[in-house]
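Student: Here are the chains, one letter per residue:
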Amino acid sequence: MSEFEPKIVAFVCNWCTYAGADLTGTSRIKYATNVRIVRFPCTGRIDYMLLTKAFASGADGIIVSGCHPNDCHYTSGNFHARRRWMVFKKLCDFMGIDTRRIVFSWVSAAEGVKWADIVNTTVEEVRKLGPYESYHKLSTQDILA
Amino acid sequence: MEDIKKLARELLADNKVQLVLGFENGTANRVRPAFFTTPEAVDKLIYNEFCIQNIALYLKKDICQHAASLAITANPNVVRSILQLAAENQIKEEKIKIIGITHEGKCVGLLDFKAAEEFSKTQPKGLKDEDKALIEKIQAMSLEEKFDYWVEAFSPCIKCYACRASCPMCYCGKCNVESNNPQWIPVAPHKYGNMEWHMMRAMHLAGRCINCGECNRSCPVDIPLNILSYMLSDFVLEEFESEAGLSAVFTPALSSYTMVDKENFIK
Amino acid sequence: MARIGVFICHCGENISATVDCPKVSEVAAKFPGVAFSTDYKYMCSDPGQSLVVNAIKEHKLTGIVVSACSPRMHEPTFRRACAEGGLNPYQCEMANIREHCSWVHEKGDKTDQKAIDIVRMMVEKVKRNNALLPIKVPVTKTALVIGGGVAGIQAALDIANAGHKVIMVERDPSIGGHMSQLSETFPTLDCSQCILTPRMVEVAQNPNIKLYTYAEIESVEGFVGNFNVKIRKKAKSVDETLCNGCGMCTTKCPNKKNPNEFELGMGNRPAIYVPFPQAVPNIPVIDKTQCTYYKNGKCKICEKVCQPKAIRFDQEDEIIEVAVGAIALCTGFDIKKTDFFPEYGYGKYKDIIDGLQFERLASASGPTSGEIRRPSDGQVPKKIVFVACAGSRDPAKGIEYCSKICCMYTAKHAILYKHKVHDGQAYIFYMDIRAAGKNYDEFTRRAIEEDQAQYIRGRVSRIYERDGKLIVVGADTLMNAQTVEIEADMVVLATAGVANKGAEELAQKLHVSYDQHKFFSEAHPKLKPVETNTAGIYLAGACQSPKDIPESVAAASGVAGKIACLFANSELTREPLIAMVDRQAPPMYSSCTGCFLCQPVCPYNAIEREEVKDRNGNLVRELAFINPGLCQGCGTCVAVCKSKSIDIEGYTNLQMYAEVDALLNS
Amino acid sequence: MEIINKLIDKSALATLIERFTKSGKEVFAPVKSKGISEFARVETIQDIDFETIATKQSAKSLVFPKVEKILSYEKTFDDVIVNNVDYTQFPEVIAFGNRPCDAAGFIPLDAIFAGELVDEIFKARLEKLTVISISCKKADDYCFCTSVNGGPGNTTGSDILLTETTADEYFVEIVTEKGKAILDANTDLFKDTAAIDKTPFLAKLEQQFTQEVINEKLNGIFESDIWDKQAMRCVGCGACAFVCPACGCFDIQDETKGKNGVRHRCWDSCGFKIFTLHTSGHNPREKQAQRWRQRIYHKFSYQPEQQKLFGCVGCGRCSRACPSDMNIAEHLKEIAVL
Amino acid sequence: MKLGFYPGCSLEGASREYNESVMAIAEKIGIELVSIPDWNCCGATAAHNLNKELSLSLPARNLALAEEAGLTELVVPCAACYSRFTMVQHELMHDEPLHKRVNEIIGKEYKGNLRILNVIQFIDEYVIDKLDENVKFEFNKKVACYYGCLLVRPNKVLKFDRTEDPQTMDIVMKKLGADAIDWAYKTECCGAGFSVSFTEAVARLSGNIVEDAVHRGAEAIIVACPMCHSNLDMRRKEIDKFNGKKSDIPVIYITQAIGVALGIDHKKLGLQRHFVPVNLKDFKPFVKKEIDVEKPQNMEVE
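Chains as they are written, first to last, in the working numbering: chain A, 1 to 145; chain B, 146 to 412; chain C, 413 to 1078; chain D, 1079 to 1416; chain E, 1417 to 1718.
Worth flagging that the hints you see were computed from the coordinates, not collected in a lab. All C-beta atoms, glycine included, are put in the ideal place defined by N, C-alpha and C. Be a bit skeptical, because a hint or two may be false.
[To be verified] From the structure, some residues in chain C lie toward chain D, with a derived Cβ separation under 7 Å:
#: 1; residue: Lys442
#: 2; residue: Gly445
#: 3; residue: Gln996
#: 4; residue: Met1000
This is chain A alone, in the form it adopts within the complex (with noise of 0.2 Å):
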């Protein structure tokens, strides 16, 4: 049997870590292929329903990624977008929904090897956990088959 491939879906903000990623590129370092990158204009764009869409789309793990604090380009996103992330992580905490597999960072347009070890790391760590069945099993149980 080949080994568990884990998807990942990563929203992340057009200014920091899209150009990030783009940087990880120009220079060339090597990540897991798990990734697909979905560009946000800022953190703050990005709705916490995306979340449970990507784990109910089928992904195992989720990278929530955008501006260092004090470098969002739209001033205050991320930080609005840290606050949500909390009482969003608190309420799947709460709710048996599996934050191990959500990943949320910084990286910055200038951190191109953060942005492979973000993913590396995160691949690496759901691959340990496995496929995501239960959210899968729920969200697909009355649709599929």
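With chain A held as given, fit chains B, C, D and E onto it using these hints.
Tutor: Leaving out everything else, chains B, C, D and E in the frame of chain A:
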């Protein structure tokens, strides 16, 4: 109760309000919300320990929207709801007269918003011991147990939306679940649709819920929805020192931030 | 039905070395809605672009996905090609299979699969793209300069010389700012007023500049290119059109013992006064709090002696409304007194003064006519101690930042002191000597080497008076941290530079952000140093952070350049990737419930309240409205809106949802 | 078919249920859990709650579940492949221990789903359903079946009706062929008896109005302000419709995951604002009062006219479930005396 | 009114008069000070140089005991004890793992609900308002209020008074009718723990303090710390030797000064126990005067 009635009668008789929103005796020994428009009708007004439905809900309904001015018999939950609605631009102070009633049922007369804020701060909050115990019980569970608990707890949900309909804070003209392009929340009351619906609702109420527990009381299948809000309210209070329903001028926690918000969970 | 074209670029071998481009193209051709799919060596080359243009026409495409490099690289290129093919330029999406795929993975199936997924995701997105038109905003080609210090003067003159109208508002009765109070300037020691006053006169004489002194900003509304500003012109009690500046009133005013603000309390002025002889405009102002007539209802001597009959005791504040297209914030700074440092005795002992007061003592036009005499008894101090960082770089008690200008002016003070008191000795307590700048270090060396200023590296712990001397107790960290006690005749504290009074209030009126010290914040610390987060509002000088004269002037010219660019066109074009609130026909009007919880999250104050009224003018609803002139498109409001009534072009709910769905449900 | 009268004692009843489950039939009966009685799958008679007057929700979900897949589909490059639900494979279901009003509820549902246009899925479910009801010994303040042509011992809609006559025995009325089939397969469990007057064993419930009077009154009061008055405290949730045994409104929802998707039928309620909302923004039933009026008219005017039956069985569930005490019996009484 | 009380070793030994005077004024104004049952050494001066965990655990145990005894506020007259207590509370409340660790060590759970007051805070909150009604004599002397190093430091933790120019004692003394002088050494170091080990340093540091007070005409030095007191009082011989002149300025605890003004018997206040004799006489009956004192705001930036 007589002082409440007297006050209501006077307000109507002096044309200070067009409508008094309160309670009357209902069927099968129940009490129920009632709308009084004449001083004579007020004879039927009651207030007792059973009048716990959060009638602030009706402030967003047509009957109250169309009244030029109204009064409301307001226990602490109703007062908090009114303040929060005001903070969210849903009700104007000049339109409403609050007949304040303490949690012990004592009438404290008319409250303007400033007095209502003071009143609200002095009244005990709604968390019951059994709610607290349930929160603690769930928090002690393992991740899988929690997930199974909630999937199971939500499974009887029939999406009648009584929780939404009876919540004063759920005043959106178009609820998220009604947005179908894209369809954010599955409408069907299957396990997944129920999970996402209740999760979304809990997030929307985070930092805004005044913890009246009405969602739980109105639920025909008795889902302990209120503890989701209780738990998040506690969290928001602890983390952001923010509490809904205490002031008519208030920015809820999720519409604000501080530089020092925790980020120990961020890599 | 969507007809999407997919264009896979090899980027030479940059992509094709690791991604099987023909295969990706082949798979993409089978995606629902894809009408055309191809791959090519260099999509950004001219033939590549022609390929795109022709395919759009030939296959009647409704949208294109260019699968190549990062959109940060070539998105504009392919948007242009898209438009050339006859489509709306915003019907183009880039699938980043270079930076995010071919460059970061090895050749193999997984990499191909990832490229395919990325393309599928963008195909699903572009299907839902809307045709967008750039936003045009008209521009009123008049600039408002707030603050008439050296930065404001420079900005106003530059803008005016570029041929645009300028309105300058100054809070004090004269322009000139702090620079007019200085004696000499570092590192050249040229006389401050000598270089400043000609520029002040230029401002007054420039036909493009309208000057309002003794005036403040009442309110600011609108957005870039279209600000409406109310200016409160405070009553001077003098008719400016009649006054000829003869000075009779100030000479004859019997009430002369009022603390002189310009001299920082070290001199007196009459109740009707011109702040300093070279003031622009040279028109006096009556200080209503001091004037005998205003206090007792008797006197009016000034009115009697005024030949042009310009005195107006009944004059009232006047509100002037102006329309401007851009605003330059040049409100300068203030110094923090040191009463929060009780151990330094400022305010308790007369001979402990601050740096600005020393400037006046050293100024030829100052209260001692340029002689260094101490305030208590007028004696010439023989031993003088300068304390640098008296409040700066002190997170425990003062402010944590470096006030930047103090190292230099303290060196200047030591030099000026030595030039004026030849047998005197200056001591300087300092933390570090920060003299980075053209000829700056040379200047501080000169203070040490030529003018024998004794620099002591250490902090002062206490200053107290004993037997008529000021005992300055400090440590010399270069001498084994030994305690040093100096019996001084006078002490000068280089107090911290702080935000000007009212900065916070003004920032709120203008909706610009400010830091925790109330200095206005630039839009980007490196790349947008003179812009604020509010489009059309710029900042120059020490209102941003402590700055010296050349820096303030450079920033002011930068602002003038920015404003001249803005005014170069009569319309402003902006990317239409902005947020909008749902609007529908009555009776719905909108799904917005008017909770306005989106308002506080907008960094640009772009969310306004729109009142929906019925035919009779009765208020029906209050709805959020996003001002397209102000929105910068961060989308935070979109995520905050509970009823999903806000959406943002380019990243709509439908698009993002489709992307997530497409990524995983292959 | 003429009603066949029998007796069955409780141990025989237990055996009967055992035989059902052993033969692969799914038995649904009231089950009490955490203080709430609802229909649920049972294995033995011990699981069953015989005491509760009415379960919170009706038995309608046995034929009309709250959410039900009606087809699935797969998108290809240029086509959509539709797969219908195989309704021949539905299991045999026994509804046991429901009240006569629940049984009566299947009649109007049948009229909605299998009237002029036949809903095959519904029809298949109903055909596979055998209803064994138990008469009511007790009624509560919300019950009003006697006012809508029902009663605590009414056999309408039941295949078999049981009435407890002694502590150990039920009087059995075999009403339909489906009921007879059960009798025939289990003759050893039933004892013969002559017809028994059930009245002493039934709950007493006074008639408050007749549905015919309501029907008649509704002819002239469409524009009356009574609807505003009655609906004033309605919060606009769908609890009443969802717990109603006779409400059949549904919503169709397609749910897609990538290329695959299903079409779901889920309960809907005329009490919801968006029930009639047009895309244009126009809503023919803009006010809650209009929606309340629709509910009453549908049950007491439109259904009698179109389907010759009434859409209310008097179970009182809507009144019990209402968060703001909208008591339908009270309101109907008000209409009856207009 | 009941408040917790931690005497510590000094107040039971060398500074008995401090203890006596605190108790005497508390009694006079009707406050009961309840000692922490089974209290232990706070570890001051030595522990935090040797073992971090020990230095935290010693005070933490006392604090936990106080909490267990149901106390909500704790008066700690010794400035060194007070400093340790507040620092420990601050550290534990800002470091959760450390807090857990210390709780494990002491085998008790310290929740951190205790408010810790030094003597001048105690006076400021509970005594100062009662002065007008209880004071019998005017303390009509010129005094130098000496705060030393620990009482108002570090400000980040204490959030009380101004670190470099504290005023609370000056205000109290002014209220009692004294002329509290402005002088240079109110927060300078007295030599503290070197009292025994390095007397020369004490002589120099304390010498400067005594000299400036005398030079400015003070008739008494007012203190609120047992160590300051012992250095300025007990080491007077060495001080005088360092200054090269004899001085007879007495060093009085603020509580003693208040006690004197309250009319409490001088013996009960322990005034006879000092090395430098206290010969303060001629106190006039107290007449209430409006004094011009503005309470200093805590102006420090956090």
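Student: The structure should be examined with respect to each hint, and the outcome stated for every one.
Tutor: Evaluated hints:
Hint on Lys442/C holds. Least Cβ distance to chain D is approximately 5 Å, under the 7 Å limit. For Gly445/C, the shortest C-beta to C-beta distance to chain D is roughly 9 Å, which exceeds 7 Å, and the interface hint is violated. Evaluation of the Gln996/C hint against chain D yields a held restraint, the C-beta minimum of about 5 Å falling below 7 Å. Given the 7 Å rule on beta carbons, the hint for Met1000/C holds: about 4 Å separates it from the nearest Cβ of chain D.
The structure does not agree with numbered hint 2 stated previously, though it agrees with all others.
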